[in-house]
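Enquirer: Protein chains in written order, with my numbering: chain A, 1 to 197; chain B, 198 to 540.
Hint data in this document are derived by calculation from the structure and do not stem from the laboratory. Accuracy of the hints is not assured; some may be wrong.
Ranges between beta-carbon positions, derived for each pair [unchecked claim]:
hint: 1; chain 1: B; residue 1: LYS540; chain 2: A; residue 2: ASP152; range: 35 to 45 Å
hint: 2; chain 1: A; residue 1: SER28; chain 2: B; residue 2: LYS539; range: 55 to 65 Å
hint: 3; chain 1: B; residue 1: ASN532; chain 2: A; residue 2: GLY117; range: 25 to 35 Å
hint: 4; chain 1: B; residue 1: LYS538; chain 2: A; residue 2: ASP6; range: 30 to 40 Å
hint: 5; chain 1: A; residue 1: ARG141; chain 2: B; residue 2: LYS540; range: 36 to 46 Å
hint: 6; chain 1: A; residue 1: ALA52; chain 2: B; residue 2: HIS263; range: 37 to 47 Å
hint: 7; chain 1: B; residue 1: VAL528; chain 2: A; residue 2: VAL153; range: 38 to 48 Å
Note that beta-carbon positions come from the ideal geometry of N, C-alpha and C, so glycine has one too.
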Amino acid sequence: MGDGHDIISAWIGREVLPHEGAVRSWLSRRWRNVVDPNDVIQEAYCRIASLASVDHIRNPAAYFHRTAHAVATDIMRRSGIISFTSMTENEWLNVMDREPLADRAVAADQDLKRVNGLLAELSDTCRQAIELRRIEGVSQREAAQRLGVSEDVIRNHLVRGVQKVLKAIAAQDAQAHGDGQETVEQKAEAIGTPRFL
Amino acid sequence: MAPPGSSNSIDDQAAHWAVEAAYGELSPESHAELEAWLAEDSRHRGAFARVRAALHVMEEAVVDAHEATGPSPSSNGDNDNDAAHGANADVPGPLQRGFFRWGARGFAAGAALAASVAAAVMVGVPVPLPFGRAVQDGAGEQVVTLKDGSVATLRHGAKLEVTLSGNFRRITLLNGEARFKVAKDKSRPFVVRSGDVYAQATGTVYSVSRVGLTGGTVKVTEGSVLVWSRDEREQAVLLHAGDAVTLDLGPVQLPAPGTKGVPSLPPPELAQISFDNVPIKSAVARFNRVNSTKIIIADPAIGDTRIVGLFGASDIEQFAQAAAVLSGGKVEHGNGIIVIKKK
């Protein structure tokens, strides 16, 4: 897990994770009884994480959606379900790609606020452990000594922290995107000419 | 054995493993166990990648908050200088900074350092006097006209190295930020280098700012600019007016800084193929038209998958890999052919 992985990881955190809620709600709205949204999301992350480079991806949201779409189609094909994707694809693309950039910028700004708000929710131990590790570069053992807790305690705080972050990020978009394309398209109209990436 | 802090959902297991891998000291046994767990199921790998991404977000947030509030003795002076020169306005927020954490910090410090030195311009080898005139305005900006007619506006103590020759114009941004109004000259591409990031145009308006030791931010105001990092020109991204990109691969792979001899530039004209939501089969047809190596799609489902991206026209291998990853297939090589098939 070298630098390449870290760059991809960071890129996923910044560009892909914030769209998970939208993808998940679309998956469960349309395909709930056909595929398990969790399976699709995990498989999609697996494919994205295996990319050697993300430089060619200019629209990460669209890329994520398309990957999820491809995964869902694959799962259905594998399990012998007749594909009805051609029917849903247009609608899908309308929803995802016509969202104006300005709106995405606003969404990103909201993400930022949410993550910053989330900081307040992280336990002191979690924050201190991160600071010790990432700023001072001390080992887990030393961090435990300095904080006066066991390494297990630190681990648990970190795990809970990252789970809270995931929850916050995954939950946010389902909320922000409301319940469907009408919302998004109305937004697009309100803001101006849709822009393709 | 169950992973550390065992629990049953894949996401929970992934969270434990990711934290353990990032913070604990994995014994060889646990490492092997993690590898086995990852190898077991693509969903494990996906969940793991997802948690790692969230871990990044969390660490960024904590470290940035620490930097914003924590009084770090060495940075007091820097902050003053930054404020005086308005550099703060250009430092992006914590998340936009994203994975350029270290780079971004270096950028702030670099801008501050440069501020104490007056905006200086160094002259590259072939042309001893690149400037027609230099004007300093009140806002600490310096406007210089290069010999080819291009205009550079230097900010935040920007330092440039300018080399103009018969077949290229090469500018190295050593510090700060510079905005370029590039004189049209198709025969001499205008390439600005910031660390390991390159931006090329033939006639346009764009700005480049240093990010850390190796990175740069490129913003395009008019026309379009080709941006790439290090030797990955084949994977260049084409930016249009209004676009911006920040690249910083970090200093790790950097050879000793300052030991660059004459950086050799690849040939200027580069054919690229861009796909915006095109079925892979159509994309393949375009690649096959211009390459002697041919791609064959072994499964119609792969051909129908849609792809987005910008690829070097000759980089058929990279395209095939990306298409295979996207469609969940794999690549096999034959005699002058590349086959994309189902796993």
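Enquirer: Of the numbered hints stated earlier in the document, which are not met by this structure?
Expert: 2, 3, 6
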